[in-house]
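Peer 1: If you want the building blocks of each chain, they are given just below.
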Amino acid sequence: MANVVESKKSCSVNPLKMSQPLGASLAFLGLDACMPVMHGSQGCTSFGLVLLVRHFKEAIPLQTTAMNEVTSILGGYDNIEAALLNIRKRAAPKIIAICSTGLTETKGDDVDGYIVTVRKRKPELADTEIVYVSTPDYMGGFEDGYAHAVTAIVRTLVKPLPLKADQVTLLPGSHLSPADIDELREIIEAFGLTAIVLPDISGSLDGHIPPDWRGTTLGGTTLEQIRAAGASAFTMGVGEQTREAALALQEIAGTPLEIFERLTGLECNDHLLQRLAHISGRPVPPKYRRQRSQLLDAMLDGHFYTGGTKVAIAAEPDLLLAVGSLLHEMGAELRCCVSTTKSASHALLPAETVILGDLEDLERGAAECDVLITHSHGRQAADRLGKPLLRIGFPVFDRIGNAHRCQVGYRGTMALIFEMANTMMERIAHHHATDWPLTPEAMRAATHGAAVRAPESIPPSLAEASA
Amino acid sequence: MSVLLKAKIAEVFEEPGCDINQGKSEKERKKGCTKQLNPGAAAGGCAFDGAKIALQPIADVAHLVHGPIACEGNSWDNRHSASSHSQIYRTGFTTDINELDVIYGGEKRLFKSIREILEKYDPPAVFVYQTCVTALVGDDIEAVCQRATEKFGKPIIPVNAPGFAGPKNLGNKLGAEALLDYVIGTREPEFTTPYDINIIGEYNLVGELWQVKPLLDALGIRILSCISGDGRYNEVATAHRAKVNMMVCSKSMINIATKMEQRWGIPYFEGSFYGIGDMSDTLRQIAKLLVQTGAPADLLDRTERLIEVEEARAWKRIAHYKQRLAGKRVLLITGGVKSWSVVAALQEGGMEIVGTSVKKSTREDKEKIKEIMGEGADAHMIDDMTPREMYAMLRDARADIMLSGGRSQFVALKARMPWLDINQERHHPYGGYEGMVELVAEIDRAIFNPVWQQVRIPAPWGEDGETLEAPSSPVHAQLAGVAAKAMELEPEEVPV
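Heads up: the sequence lines are chains B and G, in that order. Just so you know, we're using this note's numbering here: the first sequence kicks off at 934 and counts up by one. Just so you know, we're using this note's numbering here: the second sequence kicks off at 3 and counts up by one.
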């Protein structure tokens, strides 16, 4: 029930937020044989690319329309056309996915119109699907860009199909890792259901060694799978950010939906299994009943270290809700919460306020806290404050294995509890003999009026022995 | 684009220190020297990126990016330029403009942002970076900076290099122009010596400058200012009092050297800290020019003696590796000065260069490569290699290791071949005599890591996952035997 406060500063210091096109690109990277393109100057792509590489430690296919001064002013049609033709020739992707940037949005490029024209003028592009999403840098953030991109994929490529009762569509939020997606797919399949995951970075960014070099994405949701989503019996979204795309699926194919505001925690996963049991008509597999019991035990073991811990946390809305709520349930106090943009998720957060701000706001708030939780950019603040940093979200560039960190399902929740508890355990204070001095008042009370006695003399026999 | 910026870019292209430019006709020259980028097939940063790279190492300054969140939010704290003093350069400052700023202009937000930074962080100066969107909507950062300088009494420096102006290299030069226009020559040093030099285009990545500085210190040579690694605003402002300028990193900030020569008559030379021979040449050049500008002549002898000692020591340390690395084939994917300075260094380590990329190299760079590599150098110069070609080359084992920047690392790693980072994201310093030993040691460490044998072991099954043959040794029985022995029991019969 957090109260959302916008930071009043003009200058953002140590940004928490990243741009919409970057989030959109992540969504596009979850499509198989796809080439994401940023319609902007080459720096837009270059910065995003470097950040994605540093987080995933993977080759990232990401192109640019390389806008310059003249094309920025006259409009980028020629650049879009040239980029589409070049990419088709060099990498032959099945899908080319374009997102706009601040530059081209300020100018007002009508990319939807451009694509219609390109289609007419260049019939050789007929074998390539083109998805476009508008993502100006000066609005929203990473999560919003991702959400809009998934919606654009749905709106462009999904058509209604005859119902398949045992197929569900899973829309993961941008805060889910490849391991998170694998975990959820496994859970869904354990009920005898087939999952279409859209987008599926577990196929493309999970860090595997492909047999040959490919210029496009190395896996992910295939074009056929995206189209087949029109036949799903149910849509499950993880995170409020997926509502937009889930509603689009409902509009197009009439698919009923449920948005799980998070899948990190006990109750929300109970609910997920309940829902899957209902859709499939099957009981909850013993494996998950066992895992639930393990999670309960982990919560009991972990609560000693999380209980009463004062937390300063900064993350995008859905991740903030997922991690923040779990910690709250484990007895931690969400003393300082910072997020990037407005979201319905904030209303659910068990904290007093959420500041829409930056890591400077987090650093200030963290002064009275025990631990900082945010992405790798929080390292400077944690250093300055001499407090531990639990890294979550994107980017985590100073740790490896990010693709394989799982924080959803019973198992992922358990893993996160262990990480958090271990972080705190390392900081358990060691006490010293002088840690609890009495107050002067107590000292006076204890000593006042005591008879002054001379030290007792040592008997001669003992004095000799000690000498 | 403002008339001012246009004039600036034309001026940057009018480079007297660049012989290619001087060889061009008037008309050709007007076109500039940046290659037109190919949409859908381009890589690399924009002009803003270049300006930021060039100036951000000035460590006590607040670097404020005026634009939407992408420009700073997606890129801050991503380089390892080291500082021995202030850490404020690592703080990300941005105006993070919103839709209303796009419509009404972001100048007010910029002005307030400058005030907030001065109030909270009190740096000696603020550098304000222009970006695409704010340039397109017409925000006049020069005017805002001027007003802020007057109002707050501190230098607020506009850096006008919006991304769409061109590629990274142009941005380096536009960043340099900002220093020439607003910083260099605005202050006087407390004292000068006949041994004062500036080092231009050295960014002190992972502290590389500190591998070289002790050599200069020992000779009594003072780095009056380094532009911009481990830089201090006040030092850069006094750079015009140096006796000699050394230009590192090829042509990235040549305009500083040429304009300082025009304005203050400071001679410059181009040198490199990479490679043993190059390091020695650099020291000789510095000494020679300092003596020419009035330093006592004994500097020359002292320099020669130092070189002798340092070279002997470095050779001795490299000899240990030379035996192991002799004949190892290196694929070098970098650009500019490194395309040749590292070549020499690797040859010193006994390695063979099977390819060096010259995509970002100047004609001079290419000449240097020919000079160093001798016969057949042309065959090894790669102009534009696609990742697929690099991958094929490594997979077919036509090279033993690839040295490149972080972005292309996966070309090597996915081909299960060793790779070493030699660009800005690296964690090891390779400067001077020390650095070259480090580089050779790192190559050795990479190539001889047993992991390469491990990752090349084929899976004992085919594509379909069917087992090809029965496992060769009865693992169960062996393990049972070991366990039994450990517990002093006789092994049981284990069904295999």
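Treat the hints loosely; a few may be bogus.
[What the hints assert, rightly or not] So these bits of chain B aren't anywhere near chain G, every CB distance computed over 10 angstroms:
| # | residue |
| --- | --- |
| 1 | Asp1070 |
| 2 | Pro1143 |
| 3 | Ala1161 |
[Said to hold, decoys possible] Straight-line C-alpha distance at most 20 angstroms; calculated PhoX-like pairs for lysine-lysine:
| # | chain 1 | residue 1 | chain 2 | residue 2 |
| --- | --- | --- | --- | --- |
| 4 | G | Lys361 | B | Lys942 |
| 5 | G | Lys215 | B | Lys942 |
| 6 | B | Lys1022 | B | Lys1055 |
| 7 | G | Lys110 | G | Lys122 |
| 8 | G | Lys114 | B | Lys941 |
| 9 | G | Lys110 | G | Lys156 |
| 10 | B | Lys942 | B | Lys1220 |
| 11 | G | Lys110 | B | Lys941 |
| 12 | B | Lys941 | G | Lys122 |
| 13 | G | Lys110 | G | Lys153 |
| 14 | G | Lys122 | G | Lys156 |
| 15 | B | Lys1027 | B | Lys942 |
| 16 | G | Lys361 | G | Lys372 |
| 17 | B | Lys942 | G | Lys372 |
| 18 | B | Lys941 | B | Lys1275 |
| 19 | G | Lys215 | G | Lys156 |
| 20 | B | Lys1022 | B | Lys990 |
| 21 | G | Lys153 | G | Lys215 |
[To be verified] According to the in silico footprint, chain G covers these stretches of chain B (three or more CB under 8 angstroms from chain G):
| # | segment |
| --- | --- |
| 22 | 1014 to 1024 |
| 23 | 1089 to 1103 |
| 24 | 1200 to 1207 |
| 25 | 1221 to 1232 |
| 26 | 1331 to 1340 |
Calculated directly from the structure, the hints in this document are not laboratory data. These figures come from a predicted structure and were not determined experimentally. Using N, Cα and C, we set each Cβ at its ideal position, and we do this for glycine too.
Peer 1: Between G:Lys361 and G:Lys372, does the CA-CA distance stay at or below 20 angstroms?
Peer 2: OK: G:Lys361 and G:Lys372 at ~15 angstroms, within 20 angstroms.
Peer 1: Holds or violated: is the Cβ of B:Pro1143 farther than 10 angstroms from all Cβ atoms of chain G?
Peer 2: violated, 7 angstroms
Peer 1: Would the hint linking G:Lys153 and G:Lys215 be met if the CA-CA limit is 20 angstroms?
Peer 2: violated, 39 angstroms
Peer 1: Would you mind confirming whether the straight-line C-alpha gap from G:Lys110 to G:Lys153 stays at or under 20 angstroms?
Peer 2: Cα-Cα ~14 angstroms, so holds.
Peer 1: Do the alpha carbons of G:Lys110 and B:Lys941 lie within 20 angstroms of each other, as the hint requires?
Peer 2: holds, 14 angstroms
Peer 1: Given the proposed pairing of B:Lys1022 with B:Lys990, does the C-alpha separation stay at or below 20 angstroms?
Peer 2: The given pair, whose Cα atoms are some 27 angstroms apart, is violated under the 20 angstroms limit.
Peer 1: Is the Cα-Cα distance between B:Lys941 and G:Lys122 20 angstroms or less?
Peer 2: Cα-Cα ~15 angstroms, so holds.
Peer 1: Is the Cα-Cα distance between B:Lys942 and B:Lys1220 20 angstroms or less?
Peer 2: violated, 50 angstroms
Peer 1: Would the hint linking B:Lys1022 and B:Lys1055 be met if the CA-CA limit is 20 angstroms?
Peer 2: Given pair B:Lys1022, B:Lys1055 holds - Cα atoms ~13 angstroms apart, limit 20 angstroms.
Peer 1: Taking a Cβ-to-Cβ distance below 8 angstroms as contact, does the segment 1014 to 1024 of chain B have at least three residues touching chain G?
Peer 2: holds (count 7)
Peer 1: Quick one, are B:Lys942 and G:Lys372 close enough, alpha carbons at most 20 angstroms?
Peer 2: violated, 56 angstroms
Peer 1: For the pair supplied as a hint, G:Lys110 and G:Lys156, is the alpha-carbon distance within the 20 angstroms limit?
Peer 2: holds, 18 angstroms
The structure fails hints 1, 2, 4, 5, 10, 15, 17, 19, 20, 21, 23, 24, 25, 26 (numbered hints given earlier, in ascending order).
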